[in-house]
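Visitor: Chains as they are written, first to last, in the numbering used here: chain V, 364 to 503; chain B, 81 to 223.
What the hints contain is simulated information worked out from the structure, not anything from laboratory work. Nothing here was measured: the structure is a model prediction, and the numbers come from that model. The beta carbon of each residue, even a glycine, is placed where N, CA and C say it ideally should be. Treat the hints with care, since some could be wrong.
Claimed, not checked - Partial chain B-side listing against chain V, Cβ under 10 Å, derived:
id : residue
1  : Met111
2  : Thr124
3  : Gly151
4  : Gly179
5  : Val200
As the list claims (entries may be wrong) - Pair by pair, the computed Cβ-Cβ distance ranges are:
id : chain 1 : residue 1 : chain 2 : residue 2 : range
6  : B       : Phe149    : V       : Leu499    : 41 to 47 Å
7  : V       : Arg437    : B       : Trp129    : 23 to 29 Å
8  : V       : Leu490    : B       : Arg217    : 40 to 46 Å
9  : V       : Phe397    : B       : Val84     : 20 to 26 Å
10 : V       : Asp500    : B       : Leu145    : 29 to 35 Å
What the hints assert, rightly or not - Per the computed footprint, the stretches of chain B lying under chain V, defined by three or more beta-carbons under 8 Å from a beta-carbon of chain V, are:
id : region
11 : 93-101
12 : 112-119
13 : 159-172
14 : 192-199
15 : 204-211
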Amino acid sequence: MRNMIAVLSGALFGIGLYIADMTNTVKVQGFLDFFGSWDPTLAFVMGGAIIPMAVAWALTRNRKPLIGGEFPARPEAKFDRRLIVGAILFGMGWGLVGLCPGPALASLSYGGIGGLVFLVAMLSGMLIAPKVSALLDSKP
Amino acid sequence: MIEVEWIWGLIGGLIIGCGGAVYLLGNGRIMGASGIIGGLVDGTGRNAWVERVSFIAALVLAPALLIYFSGRPAETNLTDNWVLIVVAGLLVGVGTRVGNGCTSGHGVCGISRLSPRGIVATLVYIFAGAVMVVALRSMMGGL
Numbered sequence: 364m365r366n367m368i369a370v371l372s373g374a375l376f377g378i379g380l381y382i383a384d385m386t387n388t389v390k391v392q393g394f395l396d397f398f399g400s401w402d403p404t405l406a407f408v409m410g411g412a413i414i415p416m417a418v419a420w421a422l423t424r425n426r427k428p429l430i431g432g433e434f435p436a437r438p439e440a441k442f443d444r445r446l447i448v449g450a451i452l453f454g455m456g457w458g459l460v461g462l463c464p465g466p467a468l469a470s471l472s473y474g475g476i477g478g479l480v481f482l483v484a485m486l487s488g489m490l491i492a493p494k495v496s497a498l499l500d501s502k503p
Numbered sequence: 081m082i083e084v085e086w087i088w089g090l091i092g093g094l095i096i097g098c099g100g101a102v103y104l105l106g107n108g109r110i111m112g113a114s115g116i117i118g119g120l121v122d123g124t125g126r127n128a129w130v131e132r133v134s135f136i137a138a139l140v141l142a143p144a145l146l147i148y149f150s151g152r153p154a155e156t157n158l159t160d161n162w163v164l165i166v167v168a169g170l171l172v173g174v175g176t177r178v179g180n181g182c183t184s185g186h187g188v189c190g191i192s193r194l195s196p197r198g199i200v201a202t203l204v205y206i207f208a209g210a211v212m213v214v215a216l217r218s219m220m221g222g223l
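Isolated chain V (complex conformation) (with noise of 0.2 Å):
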C-alpha cells in the first residue's frame, strides 16, 4: 500500500514536470533571469502545486495518514545557519544550469550525459553534505 501510494505520488510528480516543461533549464533560467526576458511559468508552477497541498495540510487536521502513523510536525521557525547557507549554495547551483532535484530525476531517461553527469554530482554532493552540516555546527 505504501509504495503503491509512492508510486502513484512519483508518477503525478514526473507527469506534472513534463508537461509545464519544468526539466527544461531554458524555462527555469528564464524564470530566475528577472533582470532580462523574465518567464513567469515557474510561478504559474507553483502557485498551481500550491493548491492541491494547502488543501490537503487542510485536511490533515484530527486525520491520521491512510496507512497510520502521524502527520509530519509543524518545524520551529528557526532560521539557522544550515537553512540560510543551504539555500544559498542550493539556489547558486540551480541558478548556474537550471536543474533541482525533481526535474534532474524527472528527465533521466531523455536528459543525456549532461543529465546523468549531472545526477551523478548531485548525489556526490549528498554524500558530502553531512561534514559541511557539521562545520557549520562547528562554527561559533
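Based on the hints, put chain B in the right spot on chain V.
Guide: Chain B alone, transformed into the frame defined by chain V:
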C-alpha cells in the same frame, strides 16, 4: 504557443501538487525530491528505502512513458559546459541536504502550510539563483 505556456505551467503545477497531496495524506510524508533521494544516499532513510525507490522509479519512468506514448519529446537544453554541470550538481546536492529541502520540499510543501522555514528558504534560493543567472550573463555573455 508562447502565450499559453503559463496555462501548461498551471496544469502541470496542479498535477505536481496532487502528487504531494497523495504522498502526504497517504503516507504522512513530505514530497521533497532531495529528501527522498538524499535519505538513500547518506543512509538516514534506510528504514523506508522501498518506498523511496518506488517514488524515484515512478518519477523517472512516468515522463519516459508519457513521451513514448504521446510522441512529444522533451528537451532539457542543458548546458554542454561540463565544469558548470559538475559544480552545479555538487552545489545542489550539498545545498539541498544542508538546508533540508529543495523546490518541492521547501517550495511546494513548505509554502502551502505557510512554514516560515520553507518560505525563507524559497526566497533565499530564488535570490541566489537570480544572482547566479546575472553573474553568468555578465561573465559569459549569455546563458
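Visitor: Hints first: check each against the structure and report whether it holds.
Guide: Cross-check of the supplied hints:
Checking methionine 111/B against chain V by beta carbon gives a least distance of about 6 Å; that is within 10 Å, so the hint holds. The beta carbon of threonine 124/B comes within 9 Å of a beta carbon in chain V, closer than 10 Å, and the hint placing it at the interface holds. Among the interface hints, the one on glycine 151/B is violated; its C-beta lies about 13 Å from the nearest C-beta in chain V, farther than the 10 Å criterion. Taking 10 Å as the C-beta cut-off, the interface hint given for glycine 179/B holds, the closest approach to chain V being about 2 Å.
Taking 10 Å as the C-beta contact cut-off toward chain V, the hint placing valine 200/B at the interface holds, the least distance being around 6 Å. Under the hint 41 to 47 Å, the C-beta atoms of phenylalanine 149/B and leucine 499/V, about 46 Å apart, fit the expected range. At about 26 Å, the beta-carbon gap between arginine 437/V and tryptophan 129/B stays in the expected band of 23 to 29 Å. Against the hinted window of 40 to 46 Å, the Cβ-Cβ separation of leucine 490/V and arginine 217/B comes to about 32 Å, which falls outside the hint.
Separated by about 23 Å at the C-beta atoms, phenylalanine 397/V and valine 84/B satisfy the suggested range of 20 to 26 Å. At about 43 Å, the beta-carbon gap between aspartate 500/V and leucine 145/B misses the expected band of 29 to 35 Å. Check on the region 93-101 of chain B: 9 of its residues sit with their Cβ under 8 Å from a Cβ of chain V, so the three-residue criterion for coverage holds. Taking a C-beta to C-beta cut-off of 8 Å, the region 112-119 of chain B contributes 4 residues in contact with chain V, enough for the three needed, and the coverage statement holds.
Residues of the region 159-172 of chain B lying with their CB closer than 8 Å to a CB of chain V number 12, which satisfies the three-residue condition for coverage. Requiring three or more residues with a Cβ within less than 8 Å of a Cβ of chain V, the coverage given for the region 192-199 of chain B holds, as 5 such residues are present. Requiring three or more residues with a Cβ within less than 8 Å of a Cβ of chain V, the coverage given for the region 204-211 of chain B holds, as 8 such residues are present.
This entry does not satisfy hints 3, 8, 10, going by the numbered hints stated previously.
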